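Novice: Position chain U relative to chain R; hints supplied.
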Amino acid sequence: MEYVSPEGLRLDGRRPMEMRQLRAELGAVSRADGSAVFEMGNTKVIAAVYGPREVQNRSQQINDKALIRCEYTMANFSTGDRLRRPKGDRRSTEISLVIRQTMEACIMTHLMPRSQIDIFVQVLQADGGTRSACINAATLALADAGIPMCDLVTSCSAGYLNSTPLLDLNYVEDSAGGPDVTVGILPKLDKVTLLQMDAKLPMDIFENVMQLATEGCKAVANYIREVLLENTKQLENRRGV
Amino acid sequence: MTSEERESNCPTIVSVGDHRRIKQPRRRELAMFTDRPWVGLRTFGDGVYWTVRRWCLQDHKALMYSVNQTVSLLGQVIISVRVAPRNPSSDVILPYSKANGSARVKMGRTEVIASVKAELGRPSSSAPGKGKVSIFVDCSPTAAPQFEGRGGEELSMELSAALRQCLLGGKSGAGGGINLSSLSIVDGKVCWDLYIDGLVVSMDGNVLDALGAAIKAALSNTGIPKVNIASATTPDEQPEVDVSDEEFLQFDTTAVPVIVTLTKVGRHYYIADATSEEESQMSSAVSVSVNQQGSICGLTKRGGAGLDPSVIVDMISVAKHVSEELMNKLDSEIAAAEAMEEDSS
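The listed protein sequences correspond, in order, to chains R and U.
In this text, residue positions in the first sequence follow UniProt numbering: the first is 1, and each later residue adds one.
In this text, residue positions in the second sequence follow UniProt numbering: the first is 1, and each later residue adds one.
The shape of chain R in the complex, shown without the other chains (with noise of 0.2 Å):
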């Protein structure tokens, strides 16, 4: 199957190099201690925040740092087949992990030693790179709660097909069976906290896909400041400063 046209167009119009279209909001959960809507394309995911707050169960208290949770789930309508699933199937399971590391290394955790903080993420719609929506869902709904991170988390990914590196692949393209990078990187500090491939790649082409990756997430990382910067503009007109 053709994955990229001769004139250089993917299936859905874009160019091999073109993310989707980015979307992000904040504040979308008012209960939730800071939240935020993140969407890349056809991929919608919500992230909450609640904490910190006193850690519930006392056993897991850690005395010099603060204990990180994250919960990820789909809901049911978000694929195109409906799955009843259950809660806690091993693929939410390995992706609530992913995210909790990802994010434990950005968060100052010794700033708010014995405390929780709970970053719980729910895929409204699923469209491929679910794992980097919600890794950048969370950074803004972490931000929105104003707690303190050494840096943003952004995360995209991207993947080797017809002999083209892809930028953001969607689902189609994922279930292709070509390779795929998922990059996090921390963009101010250009550290990478997140690598993860499936199905194999030579090493110099992986190096070409790696760095596009990562040149997809300080696009991210660009378009997540501005919407940071635009909310707080909007707190400062709404207490009049």
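None of these hints come from the bench; they were simulated from the model.
Quick caveat: nothing in here was measured; it's all calculated off a predicted structure.
In silico contact screen, one side only, chain R against chain U (beta carbon under 10 Å); selected entries:
#, residue
1, Tyr50
2, Glu71
3, Phe77
Every beta carbon over 10 Å from chain U, so not counted as near; a handful from chain R, in silico:
#, residue
4, Gly8
5, Gln61
6, Met112
7, Met149
8, Cys150
9, Lys188
10, Lys191
The C-beta atom is built at its ideal place from N, Cα and C for all residues, glycine as well.
Specialist: Just chain U now, with coordinates in the frame of chain R:
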């Protein structure tokens, strides 16, 4: 909006602390305070006192943020009572491409999403001429941290059961809000299975009403694809069914009811559309589902305190009043959202 503009947009409010013993108005009159939802009445002892509730518009999407000014009387903190339901928000329909119909309803700070998916299936042997509908509600952990893992299961089961009872009919399928016979394709062999999924995204009380409204909106947005049936060679064989991608039949939702929950707070009064802080003070709640003709389609009483039967009958009549208003608001919001969708597509 500057803070001054916001102040002038808010209507004038009765002063705080003005405790005058007022003669108890009749309960029916309370339910008709629809033009001033921000003036609260609360009860304490045998009298009625005024409290203040102010609404501030945070942004143009009309997220209601209420600042409660409660007055403490004799050491008891009393919560202000709001008798008119909050407006179902303008963002009613969200085009989730994978579903046949979907809706997102925001009532104050409560937000729920409902989606309807239709799949081909076999009818049950006891009802060969009818399709099947199943309703599942999921409480997302984003709504409340206690819904993490399996914590939200209990509430999900309760909400699913209440919705099934209100929207679907009895065991034979009679009297339901959804006409099951319209979902049948070939008697005894092929029928439509409707899967209605609800997701509670943000919780601030009165989730059942919001879910009922969302399901009604999603069903009105649902398009069942047209089906061409190839004739079967033998009566035993499964007939070939060709599902059209182009043509859709709009689902008929005139018979689908809305649910109104009245919570009893204090000794005398009922609140429609309680927020979670009001629900925390409730002694019992009655959820009534009323359809367009004004007939009761389902009734659930929750909460431990006992209710006098005459009180329940009164609550039902109050619920009927409130449901008319809710249904009109919902229909106008659905029409507005559908018009917006057509404009943008």
